[in-house]
Each structure stands twice: as structure tokens, then as C-alpha cells.
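Chains as they are written, first to last, in the numbering used here: chain H, 1 to 145; chain G, 1001 to 1176.
There may be inaccurate statements among the hints.
Sample of chain H residues at the chain G side, in silico, Cβ under 7 Å [what the hints assert, rightly or not]:
1. H15
2. L17
3. Q20
4. F21
5. R23
6. A94
7. E97
8. A107
9. S111
10. Y112
11. S118
Below, simulated DSBU-like cross-link-like pairs (lysine-lysine); rule was C-alpha separation at most 35 Å, straight line [stated by the list, open to error]:
12. G:K1132 <-> H:K106
13. G:K1122 <-> G:K1132
14. H:K124 <-> G:K1132
The following label-pair restraints were derived from C-beta to C-beta distances [said to hold, decoys possible]:
15. G:H1092 <-> H:P67: 17 to 23 Å
16. H:M1 <-> G:S1086: 48 to 54 Å
17. H:R135 <-> G:P1148: 46 to 52 Å
18. G:S1086 <-> H:E97: 35 to 41 Å
19. H:A85 <-> G:K1132: 33 to 39 Å
20. G:R1082 <-> H:K54: 23 to 29 Å
21. H:W132 <-> G:S1137: 34 to 40 Å
22. G:S1137 <-> H:Q48: 43 to 49 Å
Worth flagging that the hints you see were computed from the coordinates, not collected in a lab.
No residue lacks a Cβ here, since even glycine has one placed at the ideal position from N, Cα and C.
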Amino acid sequence: MSQLAQLKILIADDHFLVRQFVRNTLQEAKITNIQTAADGNEAIDLIQKAKDVKQPYDIVFLDWNMPTISGLEVLNYFRTRPEYAETAFVMLTAESEQQNIMKAIKAGATSYIIKPVSPGDLSKKLFEIHEWIKRKRQKDHAAQS
Amino acid sequence: MGLTTQNLRLDDTLSQEVTMAVVGAVQTTFSVTVAAGQPEVGRGMVSLVGDVSGVIALVQEGLEGTMTLCMTFETVRDLLPRIVGSSISVTHEMTVDAVGELTNMIFGQIKTQLNGRGYGLKLGIPSVVTGKGHFVSQFHRGSYMIIPFYLDGQLFQVHLALYEGGKDSDSILGSV
Chain H
1 MSQLAQLKIL IADDHFLVRQ FVRNTLQEAK ITNIQTAADG NEAIDLIQKA
51 KDVKQPYDIV FLDWNMPTIS GLEVLNYFRT RPEYAETAFV MLTAESEQQN
101 IMKAIKAGAT SYIIKPVSPG DLSKKLFEIH EWIKRKRQKD HAAQS
Chain G
1001 MGLTTQNLRL DDTLSQEVTM AVVGAVQTTF SVTVAAGQPE VGRGMVSLVG
1051 DVSGVIALVQ EGLEGTMTLC MTFETVRDLL PRIVGSSISV THEMTVDAVG
1101 ELTNMIFGQI KTQLNGRGYG LKLGIPSVVT GKGHFVSQFH RGSYMIIPFY
1151 LDGQLFQVHL ALYEGGKDSD SILGSV
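Next comes chain G alone, as it looks inside the complex:
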């Protein structure tokens, strides 16, 4: 007998999976300490401001959404010398590459963990958007969750937006 599909909600379960995946990926790859802040949930559109963002679409039966990792150039430029060494200048291409790979690792792990518990999530192709001080805005009538992370005093964020077609957005808001 197959697993019953679990409905994805912006709740503690999701925030914990996201936190574990983000902290695990950044700490393991760069040997730094990352702390997660308190998640914030809300309805409708919210804009993130950053310099380099990895965005990936997620779909579950009857539900669609996006997951976004949003960082500043400064944060990525502080991380990269831990891999490439301090004698190499960090290029724009390197920052794009790093955020793209972090996006893959983080959201791939979230999908695997949740699907192992019967969520049946599918992910789209990841995209990386760059531009100093750009806005990432999701145009939808659903709900969102933003989780802040702190790395040596610098902030980066993960944003999740979910929309369940035909239902009030409160139906996918959980408690965090």
C-alpha cells in the first residue's frame, strides 16, 4: 500500500526541514556556523531584497509555489574564499555558480526529506537571478513563509510561497 499524500503547509514541519537543509548545506560546504531566526508567515505578496537569488518552482497535486534563496554579494563573497582561497578574486560568475549550487543542494534535500514522508513534491528547473539590490516578488494570492539566517552577522533569507488553487490562503498557513 502506498503512502497517503501529505498536504504541504507553511508550518513547523516545513520550517524545520528548510532550516536543517540550509544550515547543513552552508555549514558543510563552507565550514561556517549559520544560525536560523524566527520564521515569519503571511498572506499575499512580499518582496525580498538581495543581490543574488536562487529560485525554484515546486508543485504538489493541487498546489503550486516557489522556494527562493536570497543572498547579498557581500555574504557570498565572504563565503567563497573558504573554497577558492583568499588569493583568488571572487568573480560575478563564481557568486552565481555558488548560489545556484546551494539552491540545488538545499531544495533538493527538502524535496527528498518531505517526499520520504509522503509529500509527493516535484521541483522545477532552478534559476539564479542577480543584480545589486534586486527585488524578488511572487505574484500570487497564496501565503508565504520567510526564514532569516545569520552568518557572521550577515542576513540571508529563504522565502517559500504556496498557493492552493481555489482555496482561501489561510488553508495553507500553519503555526510556526
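In isolation and in its complexed conformation, chain H is listed as follows:
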């Protein structure tokens, strides 16, 4: 199994259509360890529980506008906790104004993808994010040794 196929991924979006669209694209890349959340609270809960059992998510896709807690708030919450530094938080949203993109990048988003996105473009992003994860882990391990 390739490294990419072993990724553990959470898709947090209140729209079923988007959750299914992203899941399809990930499955095309042979990724099977995929979970979904329909709002920000559920996303936080799943991310924390996965960490507690030492099986953290590698990538979390976050919609911006979700019920209860927004994707940006979820991002802010985890980026202030160093134990989640190796998780890639990716905004996947229809919010396409420059000021919002800057806000998310400043908050520590690993990548920012504007919907609609084609399966091909999402796959390309997935490879870039996977490279980011590998570089981040190498850097962190080098700093520890």
C-alpha cells in the first residue's frame, strides 16, 4: 500500500454533496481511512478522540460555514495546540475573498481550496498536502534527535 493510501482523513462539511464528492476523490487515490463530520463540534470531537487513541488524522478538510462552530474556529482551536502540529488542516470552502484566504492562512491553514474544485485539481492538492506532511514530519523528527 502506498504512503498516500495510508492517510487518515476527516472531511468536515455540513453538505452531504461535498462530503461525498471529496470521499469519491480520495477513494480514487486508494485512500480508505476516511471519516466525516457534519458540523464543527463533531469535527473537534472526532479529531480529539483520534488523538487520544494515538491514531490522529493526517488531513482534516474544513468547510468555512458550518453549523455550531465554523471551520475557521476549528482551525484556530487546533493550531494553538502544538500536539496537532503535524496534522494538515485544509480549508475547502466557497469563501473565496482574499481577506478570508489570508485570515485562514494566518491562522495556520496548510492549504486553501476554493469550491467548486474538480476531482483532478483536488487530487493535485492532495499530493501537495501529502508532501507537506512528509516534510513537516522529517523536520520535526530532525529537531527532536
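Dock chain G against chain H, hints included.
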């Protein structure tokens, strides 16, 4: 120095932005081909007939309006298996969800594109209305634009209504 605010008009600029956003969102998400028809502009109230509609308010200084995406259940039910697969039955909730998300993507993109050129638009919270053969009617004294779109022989429409307080509705009619 900031950009001078551009006044929104029911003209070629707007119809082109709407067409690009609709075609882009539907084609990219569902991998289908969408063709746009000729926009129609007019004054006063007009009713759209559809089964599921996404409606969002838009505001610019001195101007208010709505944008509506109006589809039939049949159109949405033809689109959704492209995402969920043909073995899953398309539910009412799925059609509402799909039109809600398309509304977000389409009108969010229109706002971003126009604001990048100095229009200063703000959008309200999107709503989705469902009901077989419902009418969407905007009660206003302004003007409207309807753009038809065709998808595998099926029609869906985008309707824009604009009202500029205190001015004759002709002032926001452009040429299309």
C-alpha cells in the same frame, strides 16, 4: 486609494459573471456539460416555476436584490448519481443539500468576482425552498434578469432581481 464602487446593473457584465459561475460550478462538481441561453431582462414581478430553489439576498449601497437558482427535482436527481453513485436512492434531503451547496458556490463566486472589480456586494444567508411546482416571486418595483441554462435537454434558471430605492427601475437595466 480605494476602488470606486461600481453600480450593479442587469447588464452583460452581470450575465457573464453569472453564466461563468453557474457553468463552472455545475460542470466542475458533476462533470456534465451546461449551456447558457439568452438572458431576458424586464421590470417588475416575474414568477419562476421549479421544485427546488436556492435564494440569497444581495445588497449594495443604495441597492437591494435577490439571486435565485431554480431547478426541477428531475434535474437534481439526474445530477446527484454522478456523485453518490447509481446504487443509492436520491432522497429529498440530498436534493435540498445539493441545491443549497450549488447556491453557495455560484453566488459566492459571483460576489468575489464582482467585488474584485469594486462592486462592494454583500450577501445574506442562503435559503432553500422546496415543493413540486412552486412559484418564486419577488415583490418589488425593480427589474429582473433571468438566465436559462440547459443540461441534457433540461432547463434550470437563475433569476436576479434588483431594486434601487427611489429611482426608476430603468436605471438598473443594462443591455444584454
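- prompt: Which of the numbered hints above does this structure break?
  reply: 5, 8, 9, 10, 12, 14, 16, 19, 20, 21
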